[in-house]
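Student: Using the sequences provided together with the hints, build the complete structure.
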Amino acid sequence: MSRPIIKPYMMPRTMQEIPFGATFESGHLVEGNAGWRTFKPEVDQEKCTLCLTCYLVCPDGVIFKKGDQLCIDYDFCKGCGICAHECKFDAIKMVKEEI
Amino acid sequence: MSAAEQHVFVSGDEAVAMGVRLARPDVISAYPITPQTVVVERLSEYVEDGSLHCQFMHVESEHSAMSAAMGVSATGARAFTATSSQGLLHMCEGLHYASGSRFPIVMMNANRATAAPWNIYGDQRDSLSMLDCGWIQVYVEDAQEACDMMIQGYRVAEDPAVLTPFMINLDGFVLTHTYELVSLPSQEEVDEFLPPLETENKMDPLSPKSLCITIGPGLDQEIKYQQHQAMMQAEEVIERVDREFGDRFGRYYGGMLEAYQCEDAEFILVATGTTVGTARTVVDALRSEGVSAGVLKLRYLRPFPVKQLGEYARKANVIGVLDRDISFGMEGTIFTNVNSALSRCGSALETMNFIGGLGGRDISKQDLTDIFQKMQDQATGKKQPHVQFFGMECETNE
Amino acid sequence: MIEVRWHGRGGQGGFTAARLLGVSAALFENRYALAFPSFGPERRGAPVLGFTKIDDKKIVDRSAVRECDHLVILDETLIDDDITSGLRPGGSILVNTRTPERYDELFNGFEVSGLDATGLALDILGRPITNTAMLGGLVAKTGIVSLDALKKGMAIELKPALVEKNINIAEVSYERLQEVTA
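Chains as they are written, first to last, in the numbering used here: chain A, 215 to 313; chain B, 906 to 1303; chain C, -16 to 165.
Simulated from the structure, these hints should not be mistaken for laboratory data.
Heads up, some of the hints might be wrong.
[As the list claims (entries may be wrong)] Think about it this way: if two alpha-carbon atoms lie no more than 35 Å apart in a straight line, the pair counts; the simulated DSBU-like pairs of lysine-lysine are:
| no. | chain 1 | residue 1 | chain 2 | residue 2 |
| --- | --- | --- | --- | --- |
| 1 | C | K41 | B | K1212 |
| 2 | B | K1212 | C | K40 |
| 3 | C | K134 | A | K310 |
| 4 | B | K1270 | B | K1212 |
| 5 | B | K1220 | B | K1114 |
| 6 | B | K1279 | C | K41 |
| 7 | A | K280 | A | K302 |
| 8 | A | K307 | A | K261 |
| 9 | A | K302 | A | K261 |
| 10 | A | K310 | A | K279 |
| 11 | C | K41 | C | K148 |
| 12 | A | K254 | A | K302 |
| 13 | C | K142 | C | K40 |
| 14 | C | K142 | A | K254 |
| 15 | C | K148 | A | K307 |
| 16 | B | K1270 | B | K1287 |
| 17 | C | K135 | C | K40 |
| 18 | C | K40 | B | K1220 |
| 19 | A | K279 | A | K254 |
| 20 | C | K40 | B | K1270 |
| 21 | A | K280 | A | K307 |
| 22 | A | K310 | C | K142 |
| 23 | B | K1212 | B | K1114 |
| 24 | B | K1270 | B | K1288 |
| 25 | B | K1220 | C | K41 |
| 26 | A | K261 | A | K310 |
| 27 | A | K310 | A | K254 |
| 28 | B | K1220 | B | K1279 |
| 29 | B | K1270 | C | K41 |
| 30 | B | K1220 | B | K1270 |
| 31 | A | K254 | C | K148 |
| 32 | A | K261 | A | K280 |
| 33 | C | K40 | C | K148 |
| 34 | A | K221 | A | K310 |
| 35 | C | K135 | B | K1279 |
| 36 | A | K310 | C | K148 |
| 37 | B | K1107 | B | K1129 |
| 38 | A | K261 | A | K279 |
| 39 | A | K280 | A | K221 |
Treat the numbers as computed from the prediction; the structure is a model and nothing was measured.
Tutor: As C-alpha cells, this is what we get:
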C-alpha cells in the first residue's frame, strides 16, 4: 500500500517563492501527526485475523497490510483508539505513549 | 453609568448578541459564517430560552438572509442579520436593494478577508469593498462599543430623516473572539432610548403601496439624490444619538470620529477598529518620548466626516492612513476617502498610506511605532512612496 | 499589565482556563482583563494557545501577546525547545507533570513548578480535564488573582453540575502548590 509522502513546508523568503494566486502543488503532506498522541495502538499479530475492519474504520487511513502482518503508520496515527474499539478479536490495545 | 447595568465578561460576538437582544428585533434572518457564528448561535439560544421574543428564520444563504430582512422591513417590522466576508459579498445585490428601498435594517459584519485564497481571518476588505452600496457603516474598537452600537444603530437607521440600513463592523477574531469586560444596559433603559419602529415605508392594506418599484432615466437620478441627502443628514443624527446615549448610559463615543491626542499632534495616524486600541498605547509611549503623535479613530466611513477630518488636518504635519485592505492597482480604500476629504477641505497636507494586517496578520506595537517613524522621516525630507505595505514577511522588489 | 500564556490541546479546556482567569479578575477584583485563544478552527488534540491579559486600567492594546510573564502548560507532550520563547526573564512556568526535574535544563532561569493535575483530575473529577486544577496551581504560585475571586468566577461561568467539584479541585491544587513553594 502506498504511504503518504511528507514534504516539509518551507516558508517563502522572497516574493519569487510565494505561490502563484491561490494554487499550490499537492499530492503530499507537510507534517506527521505523531505528536498528537497520548495513547498508541499496539497489535497482537497472533490474535489478528487480518479481517481489516480496523483499516476500514481508521479515520486517518494509517493501517495497512504488509504480507501477513498488520501494520500501523505511527507517523500519522493520532491515537484516537477507534481501531482498538472496533477490533472483534481484541487484537489491538491502546498503550500509554512514553514521552 | 446607570446602577442597573450588569457586568459580564464576554466575547465581541456575544456582546453583539446581547446588544441585539436589548434592541428587540422582530425577526432575525441570518446564515452562519466564521467568525460571526457565535452571534447567530447566541441569538437562537435567546429565542429558544424566551429571553428574546422574536422570530428566528432559518435561511439557506446570506442572499436569502438579506432578502428575508428586506421582507421583514417591508412590513414595518424591525429586522436584524449578521454576516462576514463571502457572506457579505453573497448578499451584495441585496445590500443595494435594501438601501435603495430605504429599509432601516441593522446588520453586524465580522470583518474577514475575502477569497481567493480562502481565509477565515480578519481584515477589512469585505466591508470596504461595499462602501458604495448605500449602507451607513461604523467600525467599532471593542466589545462594549459593539454592544452599544447595536442599540444606537436602530435609533439612527430608523430616524425619519435617515431611513437607511446600518452596518456595524467588528474585526474578525481579534474582536469577535476576544473576551473582555462589558457593561450591559438594562432593558428598561434601552426601551426608553429605543422606541418601537414607526414608519410609513411599508406594506399596509389600509394604505396600499408598491415597494421596490421599477424606474427609468426619468426619475432614478432624483431618487438617488434623495438617498445621498439622507446619508448626509445622518451625520447630524449620528452625533445627536451618540450624545444622548452618552447622557443616558455614560458612554459617548465621539460621534463620527474620536480624536486621541490630536489637538496639537504633528503626526496623526488615521485608523479604524481594534487597531485604534493598539495605536493609543503607541501614541502614549511616543508622547512620553516627546513625539507629537495622535490617533484619529474613524468610526463612520459612510457617511464620511469630511469637514471634521479637514479640521484636524489643519494643525498636523503628516497624516498616515492605516488600511487593512488594498484596492488592487490603486491604494487603500480609506486612504482614497481621506485624500478626497482633505482635498475638498483645501488641505495640501502630506498623506501616507500604510497597508498591512491583511488576512489576519497581527498589527503589533512595533509596526505602529515604525509607521510613526516613517511619518516623521517624511516630514524631515526623507521621502518615501506614498503607498507602502508594512509587516511583510518577504522582501518586496521596492 | 500581567500576561499569561496557556499551552494545551484542543479539548483540554486550556482556553476555558484563560477565560476563567479573566472573569475572576474583571468581575470579582475590579480589574480589567482580555482573554483570547490562538485564533482559528479547532480540532481535538491539536495544540492551542490561550492568552490572558490583566491590568488595573482598561486594556486597549489589542495586538497579539508576544511576551508573557507566566506560562501554564497543561500537556507536557507539547514541550519543545521553543516553548519558553517570549517568556520574560524570571518568568514563571507551571507544568502539568509528575516529574518537573526532567525539564530543569530547558527551563533554566525561570521559576518552575510541577503539578500532577492529571492525577488530581482523575481523582476528583473522574476525567483527565486539568484546566481548573492548573488554575488553582497558578493562583497559588503567582497570586495573580485571589483564590476567592477564582472560586466566584468558576461559580458563575461553569455549568451548575460541575461547579462544586471544580472549585474543590482548584482548592486542592492551590493547597498543594502552597505546600511545595512554602
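Student: Next, verify each hint and record whether it holds.
Tutor: Status of the hints after comparison with the structure:
For the hint linking K41 of chain C to K1212 of chain B, the alpha-carbon distance of about 31 Å falls within 35 Å, and the restraint holds. With a C-alpha separation of about 33 Å, the suggested pair K1212 of chain B and K40 of chain C falls inside the 35 Å cut-off, and the hint holds. Among the hinted pairs, K134 of chain C with K310 of chain A is consistent with the structure: their alpha-carbon atoms are about 33 Å apart, no more than 35 Å. At most 35 Å may separate the alpha-carbon atoms for a hinted pair to count; K1270 of chain B and K1212 of chain B meet this at roughly 30 Å.
Taken as a hint, the K1220 of chain B and K1114 of chain B pair is broken in the structure, with Cα atoms around 52 Å apart against an allowance of 35 Å. A distance of roughly 29 Å separates the Cα atoms of K1279 of chain B and K41 of chain C; the hinted pair therefore holds under the 35 Å criterion. Among the hinted pairs, K280 of chain A with K302 of chain A is consistent with the structure: their alpha-carbon atoms are about 20 Å apart, no more than 35 Å. For the proposed pair K307 of chain A and K261 of chain A, the alpha carbon gap of about 11 Å is at most 35 Å, so the pair holds.
Proximity of K302 of chain A to K261 of chain A is assessed by CA-CA distance (about 10 Å); at most 35 Å being required, the pair is judged to hold. Our distance criterion of 35 Å between C-alpha atoms is met by K310 of chain A and K279 of chain A, whose separation comes to about 24 Å. For a cut-off of 35 Å, the pair hint linking K41 of chain C to K148 of chain C stands: about 33 Å separates their Cα positions. Of the supplied pair hints, the one linking K254 of chain A and K302 of chain A holds, its CA atoms being roughly 18 Å apart against a limit of 35 Å.
Simply put, K142 of chain C and K40 of chain C have alpha-carbon atoms about 30 Å apart, close enough for the 35 Å limit, and the pair holds. As the CA atoms of K142 of chain C and K254 of chain A are separated by approximately 32 Å, the hinted pair is consistent with the 35 Å bound. A hinted pair counts as satisfied when its Cα atoms are at most 35 Å apart, and K148 of chain C with K307 of chain A qualifies at roughly 31 Å. Under the criterion of a C-alpha separation no larger than 35 Å, the hint pairing K1270 of chain B with K1287 of chain B is consistent with the structure, at around 23 Å.
Taken as a hint, the K135 of chain C and K40 of chain C pair is honoured in the structure, with Cα atoms around 21 Å apart against an allowance of 35 Å. Between K40 of chain C and K1220 of chain B the CA atoms are separated by roughly 31 Å; this keeps the pair inside 35 Å, and the hint holds. With a C-alpha separation of about 18 Å, the suggested pairing of K279 of chain A with K254 of chain A holds against the 35 Å cut-off. Among the hinted pairs, K40 of chain C with K1270 of chain B is consistent with the structure: their alpha-carbon atoms are about 18 Å apart, no more than 35 Å.
The suggested pairing of K280 of chain A with K307 of chain A holds, with an alpha-carbon distance near 20 Å, which does not exceed 35 Å. As the CA atoms of K310 of chain A and K142 of chain C are separated by approximately 31 Å, the hinted pair is consistent with the 35 Å bound. With a C-alpha separation of about 38 Å, the suggested pairing of K1212 of chain B with K1114 of chain B is violated against the 35 Å cut-off. Between K1270 of chain B and K1288 of chain B, the direct Cα distance comes to roughly 23 Å. Compliance with the 35 Å bound is thereby established for this hinted pair.
Under the criterion of a C-alpha separation no larger than 35 Å, the hint pairing K1220 of chain B with K41 of chain C is consistent with the structure, at around 29 Å. For a cut-off of 35 Å, the pair hint linking K261 of chain A to K310 of chain A stands: about 21 Å separates their Cα positions. Among the hinted pairs, K310 of chain A with K254 of chain A is consistent with the structure: their alpha-carbon atoms are about 6 Å apart, no more than 35 Å. Of the supplied pair hints, the one linking K1220 of chain B and K1279 of chain B holds, its CA atoms being roughly 19 Å apart against a limit of 35 Å.
For the hint linking K1270 of chain B to K41 of chain C, the alpha-carbon distance of about 17 Å falls within 35 Å, and the restraint holds. Of the supplied pair hints, the one linking K1220 of chain B and K1270 of chain B holds, its CA atoms being roughly 25 Å apart against a limit of 35 Å. Pair hint K254 of chain A plus K148 of chain C holds up; C-alpha atoms about 30 Å apart against a cutoff of 35 Å. A threshold of 35 Å between alpha carbons decides the hint, and for K261 of chain A with K280 of chain A the separation of about 16 Å falls inside it, so the pair holds.
Restraint check for K40 of chain C and K148 of chain C: the C-alpha separation of about 33 Å stays at or below 35 Å, so the hint holds. As the CA atoms of K221 of chain A and K310 of chain A are separated by approximately 29 Å, the hinted pair is consistent with the 35 Å bound. Between K135 of chain C and K1279 of chain B, the direct Cα distance comes to roughly 48 Å. Violation of the 35 Å bound is thereby established for this hinted pair. Only pairs whose Cα atoms come within 35 Å are accepted, and K310 of chain A paired with K148 of chain C is accepted, the gap being roughly 26 Å.
As the CA atoms of K1107 of chain B and K1129 of chain B are separated by approximately 19 Å, the hinted pair is consistent with the 35 Å bound. Of the pairs offered as hints, the one joining K261 of chain A and K279 of chain A holds, with about 15 Å between alpha carbons and a cut-off of 35 Å not exceeded. In summary, the hint linking K280 of chain A to K221 of chain A is supported, as the alpha carbons are separated by about 24 Å, within the 35 Å threshold.
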